[in-house]
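Peer 1: What follows is the residue order along each chain.
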Amino acid sequence: MSELKTTSQEEREVILSASDLHVGYGSVLALHGVSLEIKKGELVSICGINGSGKTTIMRTLAGVLKPKSGKITFKGTDITGKKPEQVHKLGVALVPQGREIFPSLTVAENLRIGAFGCYKPAQYQKDLETMFELFPILKERYNQGGGLLSGGEQQMLAIARGLMSNPDLLMLDEPSLGLSPNRVDQIFELIEELKSRGMTILLVEQNAERAASISDRVYLLSNGRVEFSGKAEDMASAIDVASLYMGGKEEVK
Amino acid sequence: MAKNRIKNNHGISSKLSTPIMLSVILVLVGYFIWWLNIPFVQDIYTSAAITLVMVLGFQIFNGNSGILSWSYVGFVGIGAFSSAIFSMTPQMKSMQMPEMYPFLVNIHVPFVVALILGAIVAAIIAAVVAWPMMKISDDAGAITQFALLIVIHVILAQWSKVTNGPRTFTLGGQTLTTIWVAMISGVVVLFIAYFFKESSLGLKLRATRDDRYAACSSGIDMVKTRYLSYIFSAAIGGFAGGLYSHYILSINASAFYMTLLFNLLSMAVIGGKMSVSGAFFGTILLTLARQGLRQIEPVLTNMGVNASGSTEIIVAVLMIVFLVFRANGIMDRYELSPSSLKSLFSRKKKAEKKSA
Amino acid sequence: MSLSIVIEFIINVLSMGSLYALIALGLVIVYGICKLINFAYGEYITAAAYLLVFCAGLSLPWWVAFVLAILGGALIGFLSELIAYRPFRGRSLDALLVTSFGISIILQRVFQVFISPRPKAVNLPAFMSATISLFGITTPLRNIIVIITTAVLLLVLLYIMQKTPLGIAMRAAAENFTTARLMGVNANLVISTAFIISGFLAGFVCLFWVARTGSVEPTLGASPLLIGFIAVVVGGMNSLPGAVVGGYLYALVANVLSLALPTSLLSYRDAIMFVIVICFLVLKPEGLIRGNYQEERVG
Numbered sequence: 098m099s100e101l102k103t104t105s106q107e108e109r110e111v112i113l114s115a116s117d118l119h120v121g122y123g124s125v126l127a128l129h130g131v132s133l134e135i136k137k138g139e140l141v142s143i144c145g146i147n148g149s150g151k152t153t154i155m156r157t158l159a160g161v162l163k164p165k166s167g168k169i170t171f172k173g174t175d176i177t178g179k180k181p182e183q184v185h186k187l188g189v190a191l192v193p194q195g196r197e198i199f200p201s202l203t204v205a206e207n208l209r210i211g212a213f214g215c216y217k218p219a220q221y222q223k224d225l226e227t228m229f230e231l232f233p234i235l236k237e238r239y240n241q242g243g244g245l246l247s248g249g250e251q252q253m254l255a256i257a258r259g260l261m262s263n264p265d266l267l268m269l270d271e272p273s274l275g276l277s278p279n280r281v282d283q284i285f286e287l288i289e290e291l292k293s294r295g296m297t298i299l300l301v302e303q304n305a306e307r308a309a310s311i312s313d314r315v316y317l318l319s320n321g322r323v324e325f326s327g328k329a330e331d332m333a334s335a336i337d338v339a340s341l342y343m344g345g346k347e348e349v350k
Numbered sequence: 414m415a416k417n418r419i420k421n422n423h424g425i426s427s428k429l430s431t432p433i434m435l436s437v438i439l440v441l442v443g444y445f446i447w448w449l450n451i452p453f454v455q456d457i458y459t460s461a462a463i464t465l466v467m468v469l470g471f472q473i474f475n476g477n478s479g480i481l482s483w484s485y486v487g488f489v490g491i492g493a494f495s496s497a498i499f500s501m502t503p504q505m506k507s508m509q510m511p512e513m514y515p516f517l518v519n520i521h522v523p524f525v526v527a528l529i530l531g532a533i534v535a536a537i538i539a540a541v542v543a544w545p546m547m548k549i550s551d552d553a554g555a556i557t558q559f560a561l562l563i564v565i566h567v568i569l570a571q572w573s574k575v576t577n578g579p580r581t582f583t584l585g586g587q588t589l590t591t592i593w594v595a596m597i598s599g600v601v602v603l604f605i606a607y608f609f610k611e612s613s614l615g616l617k618l619r620a621t622r623d624d625r626y627a628a629c630s631s632g633i634d635m636v637k638t639r640y641l642s643y644i645f646s647a648a649i650g651g652f653a654g655g656l657y658s659h660y661i662l663s664i665n666a667s668a669f670y671m672t673l674l675f676n677l678l679s680m681a682v683i684g685g686k687m688s689v690s691g692a693f694f695g696t697i698l699l700t701l702a703r704q705g706l707r708q709i710e711p712v713l714t715n716m717g718v719n720a721s722g723s724t725e726i727i728v729a730v731l732m733i734v735f736l737v738f739r740a741n742g743i744m745d746r747y748e749l750s751p752s753s754l755k756s757l758f759s760r761k762k763k764a765e766k767k768s769a
Numbered sequence: 008m009s010l011s012i013v014i015e016f017i018i019n020v021l022s023m024g025s026l027y028a029l030i031a032l033g034l035v036i037v038y039g040i041c042k043l044i045n046f047a048y049g050e051y052i053t054a055a056a057y058l059l060v061f062c063a064g065l066s067l068p069w070w071v072a073f074v075l076a077i078l079g080g081a082l083i084g085f086l087s088e089l090i091a092y093r094p095f096r097g098r099s100l101d102a103l104l105v106t107s108f109g110i111s112i113i114l115q116r117v118f119q120v121f122i123s124p125r126p127k128a129v130n131l132p133a134f135m136s137a138t139i140s141l142f143g144i145t146t147p148l149r150n151i152i153v154i155i156t157t158a159v160l161l162l163v164l165l166y167i168m169q170k171t172p173l174g175i176a177m178r179a180a181a182e183n184f185t186t187a188r189l190m191g192v193n194a195n196l197v198i199s200t201a202f203i204i205s206g207f208l209a210g211f212v213c214l215f216w217v218a219r220t221g222s223v224e225p226t227l228g229a230s231p232l233l234i235g236f237i238a239v240v241v242g243g244m245n246s247l248p249g250a251v252v253g254g255y256l257y258a259l260v261a262n263v264l265s266l267a268l269p270t271s272l273l274s275y276r277d278a279i280m281f282v283i284v285i286c287f288l289v290l291k292p293e294g295l296i297r298g299n300y301q302e303e304r305v306g
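Protein chains in written order, with the working numbering: chain A, 98 to 350; chain B, 414 to 769; chain C, 8 to 306.
Hints are not guaranteed to be accurate.
Straight-line C-alpha distance at most 27 Å; calculated DSS-like pairs for lysine-lysine [unchecked claim]:
(1) A:Lys-186 <-> C:Lys-42
(2) A:Lys-180 <-> C:Lys-42
(3) C:Lys-170 <-> B:Lys-637
(4) C:Lys-170 <-> A:Lys-223
(5) A:Lys-163 <-> C:Lys-291
(6) A:Lys-179 <-> C:Lys-42
(7) A:Lys-217 <-> C:Lys-170
(8) B:Lys-548 <-> C:Lys-42
(9) C:Lys-170 <-> A:Lys-236
Hints listed in this document are in silico derivations from the structure and should not be mistaken for laboratory results.
Isolated chain A, as found in the complex (with noise of 0.2 Å):
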């Protein structure tokens, strides 16, 4: 990085760093050394289209991937190879693509999953709280089967779960994804208010442009390689060079 302390931004510390990451299915490779960093605090987006990597640099950070090479550092800790439930338990919750809910856990069932690795009874009280406080939704619907939920409602609930055990990193895999505009909005709006809390996130958009305008900066993936990296303001000069990544095929699911 620049040795040159220019904004406040790269003084912050590094929270999580991955360097020259290789990851494949079978023999197939999915990422070709992607190197990224959050810093505390920040907003990260990761974009690209479908089938770029932005899903296996998710589940690789959050432990479900195995990197054929490559290193991954969390605070400090080398969490290369490590087991996802070890992972969580650092600090990293990863709020997965599609939401994965467990359809026949209440709300309830599903908030107290979240804080599996870490509970404790005031803590947990007062992060509960802070959920219904943030998403109201979840209060009505507490014991209700997480099954009987809306689309939106569910990733509000995939969120939370993430969030109730107060992660030192929160990676949202897609949340915009197959919800109405206005969930979206709902949920962008979300974004910002966690990251105006001091929460650092990593989020995965196919939605470039959405995921910009709020991120601090923005790494653009394709075909498992970065394409770019930098600010979001940045990207705009970038983006005729890669519209081809985000044009017309974004609406192809």
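The hints should help you fit chains B and C onto chain A, whose structure is shown.
Peer 2: Structure of chains B and C alone, referenced to chain A:
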């Protein structure tokens, strides 16, 4: 390994290289053993060759469809009983099985015809029962297969007028499945299994195994593909059963149940169940391991260690240990070809050393 | 048909069904989380039964023997997972299946070689073979005991699964193992617990099973395993309530068939049962009670 595939496309001769090489091994070893003229070793070879036919028939459906076909050993049993009924003389039948239906007692055909009829009976029964079952995949599919095996087993074990019921069914006469019959059958079925795998039906079946949704959306009729392959597999199983019953000469429904299934499954999985060569080497490896240990057993007993029956324990333990290190078996999904021969042999020796 | 026949039929169905429900639960609790059809489950039952014989040999009081057999079942469940299944986690499903099959065979042979290939008599306390008169019918007391024990066990299990964090985690893991791990649920903990509960249930099953057979042999576990399979298939592979329903339903059908079938066909009862099972699977592959089916496996 990608090299093998490219090579296979060069022409008919290299396409045939896999079954030819396997057959050459089978025939040369068989000829050598015949020449040695030690009855005990010949017995091992003959039963190994029969087992090979069973494993190949198992591989045809199980390996290429990805559905664990438990019921396969049931069809081996059906073939074993029906071919025996076809080949035995009426006198022998009325002597051994006084309860048998008269119309069955009077049938009598030559051995080879009986073998083929045994295969046909198994195929017909498979054709009658299998269609609706072929729609089910995954664990429900495996359990359906399992249920069918139990149905077949109960019927074989209880239908006194056909199978002599729970009592032993004795064929009498002499062993018709000689070392030559077993060897030739092994060679023929090696070619059949390989051609099946490479045929359009086999290709479709493999496609449904790897991704059934993609296969169906490319116009493959999954149920029909599975159905035809299943019948074919049952026919080979029935044929193998006929070989078995005319070799062992006294059979019983429980011979075609869990233990046999476990043996076939372990051979297929250890060899690499998606490959014909895998079935071949899995059969050889486990036969050698089992026979080797069986020789050690009396030695241990002489030394004062109670080892009788421990062969199966050791074989099962070795098998699990082997699978920990090589979950996809010796051959994985690849076939033997000239280029892979050398590396394979060193690997096989290593594995054999482990089990000895 | 007199009332006493009806009552007798109901007690038979309930007691048989209770036992079958326990058997099925032990299978499903492991299947739900690991997607493993555990063939060695039958051998857990056998092992617990041998422990019972062993304890009788030491002339321990019956309740000590019972407790030891149950704990022994739990222990062997735990150990078999630790030693045999853990190395295969996330590997090919076939390898796992062969392993499961292999463990079952190994244990059977171990019983055969190191204990005895012949049946061994089990001495149970007198109340397990006593009879009781109820509503004008006479029935073995153990039939009533099994119904009550099962009811209690089901309630305890229900409490564990619904109210304790570990139970909630197990239900979460059964639905989506990877996501549960992402939430910090420890994979080893959840899987070990499932195997321990499975072995624990096997211990209970063994008590009532040997009370019926009166002896233990190496292949004792085969029939309960089969019964468990059917019950599980009927009830749904991935649902605990389904397993219980399947167990009782199986008992009901088996009892009806025993009454309805002519003697000449009685030996085919199992075949008829399984034909029903096949038809059932063809029509309703997901079972009576649909769990949240997931194709992804433990990874």
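Peer 1: Would the pair A:Lys-186 and C:Lys-42 pass a check requiring their Cα atoms to be no farther apart than 27 Å?
Peer 2: Holds - the C-alpha atoms of C:Lys-42 and A:Lys-186 are around 26 Å apart, at most 27 Å.
Peer 1: For the pair we were handed, B:Lys-548 and C:Lys-42, check the Cα-Cα distance against 27 Å.
Peer 2: 21 Å, holds
Peer 1: Take a quick look at whether A:Lys-179 and C:Lys-42 sit within 27 Å of each other, Cα to Cα.
Peer 2: Roughly 23 Å between the alpha carbons, so the hint for A:Lys-179 and C:Lys-42 holds.
Peer 1: Under the criterion that the straight-line Cα-Cα distance not exceed 27 Å, is the pair C:Lys-170, B:Lys-637 satisfied?
Peer 2: Not satisfied, since the Cα-Cα distance of roughly 48 Å exceeds 27 Å.
Peer 1: Between the alpha carbons of A:Lys-163 and C:Lys-291, is the straight-line distance 27 Å or under?
Peer 2: Violated: A:Lys-163 and C:Lys-291 sit about 38 Å apart, past 27 Å.
Peer 1: Next pair to validate is A:Lys-180 with C:Lys-42; report whether the Cα-Cα distance is within 27 Å.
Peer 2: This hinted pair holds, its Cα atoms lying about 20 Å apart.
Peer 1: Are the Cα positions of A:Lys-217 and C:Lys-170 separated by 27 Å at most?
Peer 2: Holds. A:Lys-217 to C:Lys-170 sits at ~16 Å (cutoff 27 Å).
Peer 1: Given the proposed pairing of C:Lys-170 with A:Lys-236, does the C-alpha separation stay at or below 27 Å?
Peer 2: Distance of about 19 Å is within 27 Å: holds.
Peer 1: For the pair supplied as a hint, C:Lys-170 and A:Lys-223, confirm whether the alpha-carbon distance does not exceed 27 Å.
Peer 2: The hint holds at about 20 Å.
Hint compliance for this structure: hints 3 and 5 are broken, all remaining hints hold.
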